[in-house]
Every structure is written in C-alpha cells, then in structure tokens.
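Here's the letter readout for the chains.
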Amino acid sequence: MSMRGISLLYNSAKSSRLWQPAVRAMSTTSFARGIFLGELREQEIFPYPDVLSTDQKETISMMMDAGHAFFQNTNDGAANDTNEKIPEDQLDEMRELGMYGLMVPEEYGGMELTNTMYAKFGELTGEYDLGLGIHTGAHQSIGYKGILLYGTPEQKEKYLPRLASGEVFACFCLTEPSSGSDASSIKTRAELNDAGTHYVLNGAKIWISNGGIAEIFTVFAQVPTVDAKTGETKDKITAFIVERSFGGVSHGPPEKKMGIKCSNTAEVYYENVMVPVENVLGEIGGGFKVAMNILNNGRFGMGACLTGTMRMLIEKSVDHANNRKQFVSNLREYQGIQQKIAMMNLLCYANESMAYMLCGNMDRGAPEYQLEAAMSKIFASQAAWDVCDETIQILGGAGFMKDVGIERWMRDLRIFRIFEGTNDILKLFVALNGVQEVGKLFKKQGNMSTAIGILQKKFLGGGMGALKTKVHDDLNGSVLKLQGDITKFHVATAEQVMKYKKGIIEQQVVLNRIADSAILLQSMAAVISRANLAAEKGDVSELALANAWCGESHQRIIQLVADLQNPHLTKVDQATLDVGKMSLDSNGYLAKSPVS
Amino acid sequence: MASLRVLVGCKRVIDYAVKIRVRPDALGVVTDGVKHSMNPFDENAIEEAVRMKQKKVVKEIIAVSCGPTQSQETIRTALAMGADRGIHIEVPKGTEENLQPLAVAKIFAKLVEKEKPDIVILGKQAIDDDSNQTTQLLAGILEWPQGTMASVVEHSDGKLKITREVDGGLEDISVNLPAVISADLRLNEPRYATLPNIMKAKKKKIEKMSPEDLGVDVTPRLKVLKVVDPPVRAAGDKVPDVATLMDKLKERGHI
Chain A
14 MSMRGISLLY NSAKSSRLWQ PAVRAMSTTS FARGIFLGEL REQEIFPYPD VLSTDQKETI
74 SMMMDAGHAF FQNTNDGAAN DTNEKIPEDQ LDEMRELGMY GLMVPEEYGG MELTNTMYAK
134 FGELTGEYDL GLGIHTGAHQ SIGYKGILLY GTPEQKEKYL PRLASGEVFA CFCLTEPSSG
194 SDASSIKTRA ELNDAGTHYV LNGAKIWISN GGIAEIFTVF AQVPTVDAKT GETKDKITAF
254 IVERSFGGVS HGPPEKKMGI KCSNTAEVYY ENVMVPVENV LGEIGGGFKV AMNILNNGRF
314 GMGACLTGTM RMLIEKSVDH ANNRKQFVSN LREYQGIQQK IAMMNLLCYA NESMAYMLCG
374 NMDRGAPEYQ LEAAMSKIFA SQAAWDVCDE TIQILGGAGF MKDVGIERWM RDLRIFRIFE
434 GTNDILKLFV ALNGVQEVGK LFKKQGNMST AIGILQKKFL GGGMGALKTK VHDDLNGSVL
494 KLQGDITKFH VATAEQVMKY KKGIIEQQVV LNRIADSAIL LQSMAAVISR ANLAAEKGDV
554 SELALANAWC GESHQRIIQL VADLQNPHLT KVDQATLDVG KMSLDSNGYL AKSPVS
Chain B
71 MASLRVLVGC KRVIDYAVKI RVRPDALGVV TDGVKHSMNP FDENAIEEAV RMKQKKVVKE
131 IIAVSCGPTQ SQETIRTALA MGADRGIHIE VPKGTEENLQ PLAVAKIFAK LVEKEKPDIV
191 ILGKQAIDDD SNQTTQLLAG ILEWPQGTMA SVVEHSDGKL KITREVDGGL EDISVNLPAV
251 ISADLRLNEP RYATLPNIMK AKKKKIEKMS PEDLGVDVTP RLKVLKVVDP PVRAAGDKVP
311 DVATLMDKLK ERGHI
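If you read the sequences in order, they're chains A and B. The C-terminal residue of the first sequence carries number 609 in the working numbering, and the numbering is unbroken. The C-terminal residue of the second sequence carries number 325 in the working numbering, and the numbering is unbroken.
To be clear, the hints were calculated from the coordinates, so they are not data collected in a lab. A virtual CB, placed ideally from N, CA and C, is assigned to each residue, including glycine. Treat the hints with care, since some could be wrong.
Between beta-carbon pairs, the in silico distance windows are [as the list claims (entries may be wrong)]:
no.	chain 1	residue 1	chain 2	residue 2	range
1	B	Gly306	A	Asp552	20 to 30 Å
2	A	Glu180	B	Lys105	32 to 42 Å
3	B	Thr289	A	Gln351	31 to 41 Å
4	A	Arg337	B	Glu241	45 to 55 Å
5	A	Gln69	B	Ala72	28 to 38 Å
6	B	Lys163	A	Lys550	46 to 56 Å
7	A	Arg108	B	Lys293	46 to 56 Å
8	A	Gln69	B	Lys105	12 to 22 Å
9	B	Ala72	A	Glu167	45 to 55 Å
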C-alpha cells in the first residue's frame with residue numbers, strides 16, 4: 014500500500030461520535046498510540062468502562078431474553094445455510110422484533126441503543142447465526158450508518174424511519190472489481206449534469222452484502238472536483254444516498270459463497286442513475302473520509318459478535334471433552350485437550366475484554382479509537398477462526414460432519430479476516446500509525462543522537478514507575494510485565510524507524526512484527542483492567558484468566574521484540590522473501606518433483 | 071366493547087432451564103447468581119389477557135408481582151408483552167421464599183378491593199413451589215367463581231366459558247363475572263416481547279407497595295423442615311422371564 018494510501022487512511026479515520034458521552038469526557042489520547050511511544054496511559058484504560066446505567070442493564074437484559082427466544086424458537090441457522098436464504102416470513106418477524114434499527118434515534122423509530130448495548134445484543138448473531146448477522150449488520154452497521162453519521166436533518170427524516178423499521182434494506186457500496194483494499198482507486202463516477210440538479214452515476218460494485226435486496230445504497234464514486242486554490246480539476250470520492258427507485262440500478266444474481274450463505278451478496282450496476290444533489294452524503298470530495306469513518310465506527314461490533322461465537326464453541330468443546338472417552342479416560346484428562354480448551358478461553362477472554370473496552374470508551378466519549386478498533390477486529394477474527402479450528406479438532410471426525418453443525422461456523426468465520434478491512438491491511442495500518450508517532454517523537458526530540466540517548470536510557474532499565482491506579486495485588490506481576498514489554502517494544506520499534514527511515518513503509522515483515530506486538534500489548538492492558546474491575550466488585554475469579562493471558566502474551570512479545578532486534582533475522586527474512594519473489598517470477602512452485 | 075379490566079399475577083422464579091442445586095443448609099435451593107425469569111404459566115396468563123385486549127374484550131391489564139426488588143423486571147416483561155401498568159408488592163430480599171400462597175391470595179384480595187377488576191388471571195402454579203393453591207384460595211376469600219387449569223377461555227355477555235384440563239380429560243364450565251382463572255400451558259403460545267415494546271414498557275407506570283400498606287400479614291403458616299435432592303435413580307434389573315419377575319417382586323414386598 015502506498016504511503017499516500019496509508020496516510021489517507023490515517024487522516025480520514027478520526028472518529029465520528031454518534032452518542033453524547035454518558036460520563037465525564039476522557040482525555041484525548043489513545044492507549045494504543047501510547048504503546049508505540051513507550052507510554053502506559055493509565056487514564057485511558059482504568060477503570061474498565063462500566064457505562065451502562067441500571068436501567069440500561071435491565072433493558073438490554075430483556076432484549077437479550079427476547080433475542081434468545083427468537084433465535085432458539087424461530088431462526089434455523091443450519092437451514093438458512095443449506096437454503097442460502099432467510100425465509101421471507103421470518104424477515105417480517107425480525108422487523109416486528111425491531112432488529113433493523115437498533116442504533117437509530119427513537120425519534121426516527123429506532124431503539125437508540127448505545128454502542129455497548131448494540132455490541133451486547135450483537136453477541137446473539139455470533140452465538141446463533143453469523144449469516145443472519147451479516148444481513149442485519151450490512152444494513153445498519155454500514156449500510157445506512159453514513160446517514161446516521163453524516164446525514165442532514167432532511168436526509169435523516171426522509172430515510173431513517175423506513176430503514177429503522179426494516180421496511181427497506183440498505184447496503185454499503187465501495188468495492189469494485191479492481192478496487193478492494195485500494196479503495197481510493199475506485200472507478201465509479203458521478204458527474205454533475207448541466208442543470209446542476211443531479212449527479213449522473215455510472216459504475217459497477219461487487220460483493221455488496223444486501224446488494225440484491227436493498228432499496229437504499231450508500232455509494233462511493235469519483236466526482237471531478239475543481240480545487241479552489243489551483244483551479245485544477247481532480248477526481249475526488251464523494252458519498253451518495255442512492256435509491257433503487259431512481260432508475261438505472263440493477264443487480265446480479267446472489268453470489269455462491271463459502272459461508273454466511275443466507276446473507277445476500279451481489280454485484281450492483283449503476284447506469285446513468287440520476288442522483289439528486291440533495292443526496293450527497295457529507296461533503297463533496299469528502300467521500301473517502303465518510304467511507305473510512307463508517308467502517309471505523311462499526312468495527313467494534315465484530316469483537317462482541319465473535320465473543321458470542323467463541324463462547325458457544327467453547328461450550329461444545331467442553332461438553333465433548335467431558336463426555337467422550339478414548340483409551341483410558343475422558344478427553345478432559347489429557348493435557349493436549351486441556352491446553353486447547355485453555356487457549357480457547359484465553360482468546361475469548363482477551364477478545365471480549367478488548368471489544369467491550371473499545372465500545373465502552375466510545376460510549377464514554379473517546380474522540381479517537383481507530384487503532385483500538387483495528388486491533389480489536391484483527392484479534393477477534395483470527396481468534397474466532399483459531400477457536401473454531403480447535404473445536405473441530407477436539408470433536409475429531411464428528412467436527413467435520415455437516416449434521417454436527419460445527420463445520421458451518423468454520424465456513425462462516427473465514428470471511429471475517431477478509432472483509433471490513435483485511436487483517437493484512439489493518440495490521441499495516443496499525444504499525445504505520447505507530448511508526449508515524451515515533452517519527453513525530455524523534456522530530457520533537459531534535460536530532461538522532463539525542464533520540465538514541467533517550468532510548469538507551471529507557472532500554473537499560475529507566476523503566477516506568479509504579480502505576481497511580483491501585484491494582485489488585487495478584488495482578489502486580491502482569492502489570493510489571495506490561496510495563497517492561499511496552500518499554501522494550503518502544504525501543505525496538507524506534508530502532509527500526511531509525512534503521513529504515515521512510516523506507517520502513519516497504520518493510521512489511523518488520524511492520525507485521527510491530528503490529529502483532531502492539532495488539533498483544535493492547536490485549537494485556539484490556540484483560541488487566543477488566544480483571545481488576547471485577548476484583549474491585551468482589552469477583553476474583555477472572556484474575557487467573559488475566560494473568561494466564563498476560564503470561565502467554567509476554568512470551569510472544571519477548572520473541573517478537575527479539576526478532577525485531579536480531580540483526581541476523583534481517584538476512585533470514587531476506588532469504589525467505591527471495592524465495593517468494595522467485596516463485597512469483599516463475600509463476601508457481603519452485604522445485605521440480607523429486608521423481609522426474 | 072372493551073370494558074373489562076383484568077388483574078394478572080406474575081411471579082419471578084428460577085428459570086426453568088437452570089439446573090437446580092440444593093442449598094448447604096438444606097432449607098431451600100441456591101438462588102444467588104442464578105438466572106430468573108417469569109413463571110411460564112404466568113406468561114400464559116399475561117398472554118391471555120393481552121389477547122382479550124386485542125379482541126377488545128378487555129380495556130386495561132394490570133400486572134402484579136409480589137417479590138424482591140428484581141420482581142420489577144418480571145413486571146417490565148409483562149408490560150412489554152402488553153400489560154398497561156404494574157403493581158409491585160415488594161418484600162425484603164431473601165424473604166420472598168417465605169411468601170406462601172395464602173399470603174399472596176390475601177394480597178391479591180386487597181388489590182381486588184382497591185382496583186375492582188372483573189377478572190383475575192394467575193398462572194396455574196409456580197414452578198418453584200408447585201403449590202397450585204393461590205387461585206383457589208383467592209376465589210375462596212373473594213367468594214368469586216373460579217376456573218382453574220384453563221386451556222380455553224371465551225367471553226360473552228358477562229360470562230366466561232372455560233375449558234379445564236382435569237385428570238379425566240376436559241371439563242367445560244361457565245362462570246359469571248367477576249371470576250378468578252388460573253392459566254394452564256395449553257391456554258396459548260405466549261409472545262416474546264419485541265424490542266420496540268420493551269422500549270415502550272419503560273414508559274409504563276409501576277406502583278410500589280408493601281404487604282403492610284395493604285394491611286396483610288404475610289407470616290408463613292408452613293415451615294420448611296428439609297429440602298433434599300430426589301433420590302438418584304438406581305439401575306434396574308433385567309430378568310429372563312415372567313416367573314423370575316414374579317419372584318423378584320414378591321422378594322421385594324411389592325406383591
């Protein structure tokens with residue numbers, strides 16, 4: 014990805030808040046950013062967010078009861094997968110239930126849930142039916158989120174009621190055949206007509222969730238824009254609210270997919286669609302920011318949703334391990350199985366802690382959270398995949414069988430590492446943001462030798478002082494690990510910046526190590542904070558989980574930091590990359606068969 | 071024309087799906103931290119009242135629950151299903167298990183005096199104590215007709231035609247209003263609260279009172295001596311023929 018692309022992502026994805034903060038405003042810095050600077054920003058993570066009022070807790074509890082009843086009695090996830098469809102009469106029930114307008118303000122007919130409440134409710138689709146979750150999520154989490162975030166009062170009045178009731182469906186139309194991760198390269202165009210009343214929209218979008226069933230499309234297109242200063246005309250992306258009823262909108266057949274089959278995915282075509290100028294969403298030329306903010310704003314949902322999935326899979330794994338006997342004992346007696354079950358629990362706990370820290374902070378008014386959101390998405394999607402993979406392994410052959418019901422989850426989960434920003438891109442986004450922070454720090458420090466001196470002091474054990482926050486005694490060890498690891502990580506990252514300078518942008522192997530470490534550090538902070546809050550409330554059962562996760566993470570971070578600082582590894586990396594390049598040049602596998 | 075007013079009882083009980091554990095003191099079961107919900111038969115009661123309102127037979131539904139602070143959630147569920155307002159008879163936390171059917175019947179009798187409903191619908195029995203007494207006691211105190219174990223309720227001209235599920239089969243009775251009914255499981259399929267209705271329920275009123283406010287003495291008349299798990303089912307014996315079966319039965323004193 015180009016430097017321009019990354020910096021566009023960075024500059025545009027500053028947060029857009031939907032909610033007024035319920036509690037005192039937080040400070041304006043992000044914990045994740047602090048990690049790169051060698052800072053442990055206590056005030057950003059303590060106390061763990063506890064943002065729901067008693068009334069909201071009661072409301073969400075009742076909503077969960079209603080949700081569980083619906084998913085247990087009405088929805089059939091396996092049938093939806095086999096038939097690649099959600100039954101039409103069930104959609105009516107979902108409309109009645111109110112599932113399509115969860116975060117829309119009450120005045121437009123929505124439930125006006127906070128981010129945290131929406132996240133909690135989202136655990137239901139994670140637990141029962143991911144395909145259905147994508148159908149409702151594509152509609153409200155990204156499909157019409159732009160109207161919520163950027164809509165004028167007229168646009169909100171016109172569109173939100175019908176969208177909140179589910180009378181019509183919405184979808185988010187950005188991706189094109191030649192523009193996936195490289196979103197700014199889209200080719201769909203919208204040009205103002207001579208009368209100045211309409212934009213004429215032409216183009217094609219692919220892999221649009223709800224594309225075949227939506228009435229309302231949030232479409233991103235290039236608009237030739239005159240630069241006020243230079244008078245030059247340049248293409249700039251603009252977001253539009255497009256109605257199917259405008260005419261010229263058509264769609265392809267439902268894509269046949271590996272998973273989330275009941276969620277409609279289709280190509281959408283725009284042929285001379287007349288879009289009134291009143292339907293520009295946000296600023297003309299500001300469409301890229303709109304797109305990135307919509308995605309950024311909805312990202313928190315994935316962590317919570319997949320918590321539901323992982324919890325369900327753990328239950329199935331534990332049930333099998335407790336009851337299945339092979340050789341002399343039940344599977345539960347064997348270390349190999351115990352380790353798998355343990356890792357599942359730790360991954361779920363770390364993910365859940367990060368997810369609810371994220372939406373809790375969003376609800377508390379954090380002005381910036383795009384790094385934390387990206388980290389949560391990366392972690393959640395990979396963790397859920399790993400947990401599902403191990404569930405199948407524990408169940409053995411049964412895990413592979415359709416009737417047992419687990420293989421569908423593996424197929425449904427694969428896409429989560431790809432859509433809403435591929436994990437590969439998001440990791441680079443995290444790392445390059447962090448690297449930019451370090452670069453800014455160096456600029457402030459003056460010259461390189463000053464910077465090196467400061468680093469050396471830190472590395473040689475300047476270390477961090479004790480936390481101001483009173484943390485449970487049993488967490489002290491993990492806190493010390495976190496503090497030490499943040500310092501070592503900062504030094505190692507800074508060294509890479511010094512070594513490669515602007516060229517670091519090409520060093521994706523190095524950047525991935527940086528990203529992996531940062532995500533693990535963020536997860537350690539989240540579990541420590543959460544376990545501490547639980548202990549303060551009198552529940553000490555989570556301390557063991559938090560400490561176990563910090564122990565595991567610490568080991569991995571030590572290795573990653575050592576890899577970053579190991580001069581020999583550069584040669585090893587290079588040799589490996591050379592193999593990659595040779596394969597790419599040879600159009601395939603490099604070796605001849607040993608039997609030729 | 072919708073003119074009738076209904077008082078419906080709903081009790082907060084341990085959720086039917088929870089695995090019950092006997093308390094160490096053997097005087098009850100563990101309730102702390104355990105999932106609670108509305109008694110399933112009470113859901114049938116509320117649902118029947120809501121259907122009667124939809125048929126325009128009933129104009130107001132008042133949901134009543136006797137219990138600790140958390141019983142409010144049960145009332146809110148009733149409101150989300152369609153009840154118009156609620157009354158919470160609050161008792162101190164931990165004393166709710168001493169609230170026995172006679173006390174509850176007396177409380178309801180006082181509420182009937184106050185609210186003057188035409189029909190009282192209760193669940194047939196609560197799944198925690200399985201008493202199946204409150205409806206009958208209440209009818210006795212009020213000297214009202216009762217239709218218990220109702221699986222069909224039809225209204226016409228100030229009378230209710232009720233089909234009762236009894237051991238021998240079904241019994242049809244006709245009662246004059248005002249009357250007390252207890253709902254059985256097959257009376258209807260309770261709706262689940264929709265999210266919009268949950269939100270609307272938050273605006274509905276819940277009045278709070280204590281048994282003392284109503285002048286009711288809720289001192290228990292029955293004392294629980296011991297609560298134990300049912301005996302673990304022992305494995306059976308297989309016998310090769312009827313003669314051996316007869317011998318074994320005689321051996322064990324069954325015949």
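Requested in this report: Note whether the CB distance of B/Ala72 and A/Glu167 lies within 45 to 55 Å or breaks it.
Outcome: Violated: the Cβ-Cβ distance is about 41 Å, outside 45 to 55 Å.
Query raised in the report: CB of A/Arg108 to CB of B/Lys293, is that within 46 to 56 Å?
Result: holds, 53 Å
Query raised in the report: Quick one: are B/Thr289 and A/Gln351 within 31 to 41 Å, going by C-beta?
Result: violated, 53 Å
Requested in this report: Take a look at whether the Cβ-Cβ distance between A/Gln69 and B/Lys105 falls inside 12 to 22 Å.
Outcome: Once the Cβ atoms are compared, 19 Å apart, the range 12 to 22 Å for B/Lys105 and A/Gln69 holds.
Query raised in the report: Between A/Arg337 and B/Glu241, does the C-beta distance stay in 45 to 55 Å?
Result: holds, 50 Å
Query raised in the report: How does the Cβ-Cβ distance of A/Glu180 and B/Lys105 compare with 32 to 42 Å: does it lie in that range?
Result: Holds, at about 35 Å.
Report task. With respect to the beta-carbon atoms only, verify the hint that B/Gly306 and A/Asp552 lie 20 to 30 Å apart. Result -> Hint violated: Cβ distance 44 Å, outside 20 to 30 Å.
Query raised in the report: Is it true that the C-beta distance of B/Lys163 to A/Lys550 lies inside 46 to 56 Å, as the hint says?
Result: Because 18 Å falls outside the window, the suggested range is violated.
Query raised in the report: Honestly, do A/Gln69 and B/Ala72 meet the 28 to 38 Å range at C-beta?
Result: Given range 28 to 38 Å: holds, Cβ gap about 34 Å.
Of the numbered hints listed earlier, those contradicted by the structure are 1, 3, 6 and 9.
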